[in-house]
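**Q** Use the sequences and the hints to build the structure in full.
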Amino acid sequence: MKSLVAVLTVLAAIIAFWYAACVPMNIKGVLDQAERAGIEVTPATAKERRDRGEIGLVVNNTFAIGETWVQERPRLPAPHQVAVELWETTVEKKITSKRSLIYHGEVTLSATLLGFAIGTGLGILLAVGIVHSRVMDMSVMPWAIVSQTIPIIALAPMIIVVLYSIGVQGIIPKAVISAYLSFFPVVVGMVKGLRAPDAMQLDLLKTYNANTNQGFWKLRLPSSMPYLFASLKIGIAASLVGAIVGELPTGAVAGLGARLLAGSYYGQTVQIWSALFAAAILAAALVALLGLIEKLVLNRMGVRA
Amino acid sequence: MNMEPTTQAIRPEAAASAPVPANCVIEARNLDLTFQTNDGPVHALKDVSLEISKGDFVSFIGPSGCGKTTFLRCIAALETPTGGSLSVNGMTPDEARRNRAYGYVFQAAGLYPWRTISKNIKLPLEIMGYSKAEQEKRVNQVLELVELSGFGGKFPWQLSGGMQQRASIARALAFDADILLMDEPFGALDEIVRDHLNEQLLKLWARTNKTIGFVTHSIPEAVYLSTKIVVMSPRPGRIHDVIDSTLPKERPLDIRDSPEFIEIAHRVREGLRAGHGDD
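Here the protein sequences line up with chains A and B, keeping their order. Using this note's numbering, read the first sequence as starting at 1 and increasing by one per residue. Using this note's numbering, read the second sequence as starting at 306 and increasing by one per residue.
To be clear, the hints were calculated from the coordinates, so they are not data collected in a lab. As the structure is a prediction and not an experimental result, all values here were calculated from the model. Accuracy of the hints is not assured; some may be wrong.
With a cut-off of at most 27 Å between alpha-carbon atoms, the simulated DSS-like pairs for lysine-lysine come out as follows [stated by the list, open to error]: (1) K351/B to K206/A; (2) K359/B to K206/A; (3) K437/B to K459/B; (4) K295/A to K459/B.
FRET-style restraints, in silico, Cβ to Cβ [said to hold, decoys possible]: (5) W143/A to K437/B: 42 to 48 Å; (6) M200/A to S563/B: 36 to 42 Å; (7) T9/A to S369/B: 52 to 58 Å; (8) R540/B to A199/A: 22 to 28 Å; (9) Q341/B to M200/A: 20 to 26 Å; (10) Q341/B to T212/A: 25 to 31 Å; (11) K192/A to S563/B: 51 to 57 Å.
Using N, Cα and C, we set each Cβ at its ideal position, and we do this for glycine too.
**A** Okay, structure coming up:
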């Protein structure tokens, strides 16, 4: 109960801050509209208002505050505008509609999941190689780290162009970008996890004359599970970002990234924000789903709840 | 050694692989081990010679750095000596390891938290390729030996520290190697639990006729348990004294108040003090 109050207080504070931020952000637009409608504003002309501070404008024109929250194309849409747009484009629209966020979300989600599967598989394979081979440790790990220092926004168009030139398009290029972002946390987490057993555990297996294979399946892999799940949660969020970024440079017509792009072309800030929220909600749902699977797996492994 | 009939049940094939030199299971001759560290060489073992006969309970006692654990690890082929010779069951330690000649108990129980007690005990059996039925049979036998019957389905965290250590002993006994190497197995437990486990260990030893190598810091523990006490001294690690116990094989806990016990403990203490004095 106490924690619920705390959670709601934080939520209320964020929303209050958001509403408050809308006022100075949108005041100039509101005042321009009011001036055109013949309402008296101070200062009277857009030219005079241009260099004035937003806070000062709000203080001088308090009548306009209410208007800042209901603009058609605000700089910063108010929370309820985003919520209404989200509701209309998810619940009220048919899923088959090109304006349905469910439709766009599904397009992005399929690329995300494919990329996540590729990235996770690749990450686990690399980690197994790195843990068992010193040569791989020294030759692969630095490249894995370097790969993450390149901004994905710079790399994504190249990946798409190169793949297109060899005839690959559609979901695959997006999934490749997703995989590129999600394999790294899995590699790092799995290497750490597979190396988690201490010297005593390894000595014990040695006294049984266990081979490398048995050591992997009976000790290293089970030990790595908590690390794997921590990595997967980071990885799936990175996958979603990758899929969205993959939709930006192609001018894709479907997907949350395409929704963001179309919104910014036409100055539809409400649409941008609702697509952003849809992406955030999707990511949260995916992470929560992984958390649930983690709980089930670790429970089965007898880890104390 | 007078074996009780019950021991026959759990050790069907052990007698077949008897060592060549009659009765001598572990033989060390002028064993040397020097570790190369960043601070220069460390002489962990120097000129260690010792014979352990079948059925012996041998304790290694001495201050930290005297090489008692290192010697045990040499027997287990977890360390490689740099000089001298060491044979286990007439083989090199590494051959003995590959033949699964010994069970090793570490200071920490080291049970896998994701396996139940039964599954933990099955670990070596799975690795060694025992059949499912045989695994089941052996788990029940060793659980009974360490008085943990009925706890097979529990996870390690549901057991006390003493019970966990008993489970780890059961795990070392499961594949029925005739040597049991124990590296301060009760070091982390309180005195009352330790007394109880010592008593149980003696019973278990009497029932199974294992050869046991036991590293300890505790003089009463060493004297109470052993047929042979090896007093070691540090820098370089070497054997200071080997005491053959005159105590009878049947040892109730209150034997520790007998004059004989006190005399042996006194000799061990003298040995430890002398070992300390000359460095």
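**Q** Can you give the numbers of the hints that this structure goes against, from lowest to highest?
**A** Every hint satisfied by this model.
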